[in-house]
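Chains L and G supply the protein sequences, listed in that same order.
The numbers in our numbering rise by one with no breaks, and the one at position 247 of the first sequence is 247.
The numbers in our numbering rise by one with no breaks, and the one at position 263 of the second sequence is 263.
Hints should not be assumed to be uniformly reliable.
Given that identical chains are not distinguished, each listed pair holds provided it fits within a single copy or across any two copies.
[Unchecked claim] Pairs of lysine-lysine, DSBU-like flavour, derived with a Cα cap of 30 Å:
| # | residue 1 | residue 2 |
| --- | --- | --- |
| 1 | 421 | 145 |
| 2 | 266 | 225 |
| 3 | 332 | 455 |
| 4 | 322 | 144 |
| 5 | 287 | 63 |
| 6 | 421 | 144 |
| 7 | 4 | 52 |
| 8 | 32 | 229 |
| 9 | 22 | 395 |
| 10 | 230 | 44 |
| 11 | 73 | 342 |
Simulated from the structure, these hints should not be mistaken for laboratory data.
Remember, it's a predicted structure, so these values are computed and weren't measured experimentally.
Listed below are the residues making up each chain.
Protein chains: 2
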Amino acid sequence: MLEKFFLPKSIAVIGASNNPNKLGYDIFHNLKRYGGRVYPVNVKGGEVQGVKAYRSVREIPEKVDMCVVVVPKKFVKDAIRDSGESGCKAAVVITAGFRETGEEGRKEEEELVKLARSYGMRLIGPNCVGVMNLNVGLNATFIKKEPPEGDVALVSQSGALGGAIIYKSADEGIGLSKFVSVGNMADVDFADLIEYFADDSETKAISLYIEGVRDGRRFLDALKKGILKKPVIVLKAGRTSSGARAASSHTGSLAGSFKIYESAVKQSGGLMAKTIDEMLSMARAFKLPLPAGRNVAIITNAGGPAVLAADEVEERGLSLAKLSAETLSRLKEFLPPMAALKNPVDMIASATGEDYYKATKILLEDPNVDIIIAICVVPTFGGMSLTEHAEGVIKAYREMGMRKPVLAVFMSGEVSEPAEKLLGENGIPNYRRPEDAAAAAYALAKYSEHLKRLKDVVS
Amino acid sequence: MLEKFFLPKSIAVIGASNNPNKLGYDIFHNLKRYGGRVYPVNVKGGEVQGVKAYRSVREIPEKVDMCVVVVPKKFVKDAIRDSGESGCKAAVVITAGFRETGEEGRKEEEELVKLARSYGMRLIGPNCVGVMNLNVGLNATFIKKEPPEGDVALVSQSGALGGAIIYKSADEGIGLSKFVSVGNMADVDFADLIEYFADDSETKAISLYIEGVRDGRRFLDALKKGILKKPVIVLKAGRTSSGARAASSHTGSLAGSFKIYESAVKQSGGLMAKTIDEMLSMARAFKLPLPAGRNVAIITNAGGPAVLAADEVEERGLSLAKLSAETLSRLKEFLPPMAALKNPVDMIASATGEDYYKATKILLEDPNVDIIIAICVVPTFGGMSLTEHAEGVIKAYREMGMRKPVLAVFMSGEVSEPAEKLLGENGIPNYRRPEDAAAAAYALAKYSEHLKRLKDVVS
């Protein structure tokens, strides 16, 4: 049912504008690049951004799949009625001024939903930033940048925070599949979207920024079911009393007790994140296979970052794997005498791409190792390129059938970007900070254990 | 005494090379851009990178202030002797293969230090990446990038991690005053550098990446004294048993009990950081005035990020300031009805640069407010520029005499970079993540309290 929001064949932008200072300008501008048919609707008629505009949705010569409503508040109801009459089944209402303004606004919002439902229409918003489907180049928001295509679905209850994450992801090359700013969640809410993304073949993990949920039971039900198919990562704002007060003033929803949320989400098998980076780090890990256990092996060309990673791994409740005798003797064969033949395996600064290949492969073959973290900083010898090191890791991962997760920590800023890109294209997420890789390893292990427990219960 | 390392009038690079695969190539290449006189020394004589080379330091027509030694290990002793005989008082030994290789290496290292001391020469390293003084454009390392000039001194016991931080800082525009890779700390150690940077007028905070310290008492003495003049932020690796084992295998130094370190550093008034970002976030804050208390006011144009910031502020043990009645009535005069007249002050998406100016100024005037966090995401109306918002914050900060700290959180990736730059140039550090700003606010409050306590004891 939500498919019309993500794969609309035709779209009406109600309130499309020629004025670059209006949101209706950006939204139509973003949508013009979309493959489907996109119609500007503007009461003045004429043209919008060079495209023939319609005075009403009713005038559009075909039934549109989705409408994006960005007219002033007093015209929103008419826009929904017109769209509903024309057979449109999906409305994204950008316009604000409803529930978040108080009692009267709440009533108007409820009437709007009632009206939409009378046409069998689903509604995202109001008071939201819009929707993106990066898998098909759909940007039905007024955000002026897009992240690369990826496999993480992001749902944000704060439009502006969602926007900030989109800008950040675009810069850091963090790929998303879908983005939804849910706004006031008058109709479509977290539960609907968990359900939809759980079945979305382009999405490997679902991440949610939550301030408050109205129907807790429905949310947890959806969460429990969704988690059977996809990991769900929750960044719940309002952990403290100050944060909770700020959240309830912001979205008008009760933030609720954080402890109750946390334990409910964890019991349902969801993962809790404390920061945006942690949420994205965890979500990006799920392009990898799930690990069989919690034993992590670290390889590196520099001691310091490996020490920091070891600390983070242990603090997350994971263990440094005890490498087998065979592994150690195989590593000894080709590593220089100064290398550390233990976990972390410090191959020292002279390590080549070939060394990364061999070491990764040997560790992947060690039955004591469940997860590998491959750290690389700019090598002191032979230029600035880290791509050969990335290639080594990729080759080993592929040759071993991509059966165990390998997380990369190529952490030298811009210098590591070509390597980072290469790793990403080959299914290995790169993390620029050891703590992010540890969070990702934790998320993989935790989700894997949850699924196993469920299987044990069933069998 | 350490001044010759940071402000040398003349430098010899012993082992300068024409071969781009050698470290002696990069070091000389980096130093050629330095204002002082830099002499390549190479046993083969001839020219190095177009500059007349000397076969020995003894042949250089003047006494050099500093030598950088990057010859193979067996020639290091001769290089030190020649430099010492020529009156050089500062040696940076890049070459590895000493204490970190075992008992024999340790002895050789001790002999080297003895030799250096017989000439009254101080020695940084061996087994290090080198030294930078960004305030004068000195890069005596083989790192191929430099961060902008700033006011944070960074000392790293891991050369590679130091390098990774340098690359990261260069990318993110994080300014440093000095950088020292201390390597094996055969002679110059953390204590010496704390002492030196405490008196360095270009340095406002000292940050240390530590794996293990040999002389704990000397270190703590230096820390206690240094902290009277400058804040010291410690990132101590080896928090867990896995990390501690990895650290002791890496630097050969005993990591020691983390708990003991932590409490000793904290008692001395030092600040502990858990990650690289936290360390840098804290250190960058000290271009600001110290706060009188722990009460934080948050202003924002978006609810979500302010909620996250409120959580982080409270979790750090700071409080959200209770705004005075006067403040609230003054804010009400110009903010739209939808704005939240409480702390955080949510000025909503339409907030202009003028609004940021007014709100920041009013909050700075409120006696209940000690610290301000000014959050800004891409405004939904009127283009992508956040510079007018930055200008508003800057104007208020300057008009109010820069007496209370203002931390910025302009968090929209690349889009916020011009604003970030402007803020930085005007003495306001920008943080891309709410948690980093909270860490910075905490560091300011904590250091301020430490100084006050010391004053109380004295008076």
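Hint-by-hint comparison with the structure:
no., hint, verdict
1, 421 <-> 145, "both (19 Å within a copy, 21 Å between copies)"
2, 266 <-> 225, "within (14 Å within a copy, 47 Å between copies)"
3, 332 <-> 455, "neither (40 Å within a copy, 58 Å between copies)"
4, 322 <-> 144, "neither (49 Å within a copy, 37 Å between copies)"
5, 287 <-> 63, "neither (37 Å within a copy, 60 Å between copies)"
6, 421 <-> 144, "both (23 Å within a copy, 21 Å between copies)"
7, 4 <-> 52, "within (23 Å within a copy, 73 Å between copies)"
8, 32 <-> 229, "neither (34 Å within a copy, 59 Å between copies)"
9, 22 <-> 395, "between (50 Å within a copy, 28 Å between copies)"
10, 230 <-> 44, "neither (46 Å within a copy, 64 Å between copies)"
11, 73 <-> 342, "between (65 Å within a copy, 26 Å between copies)"
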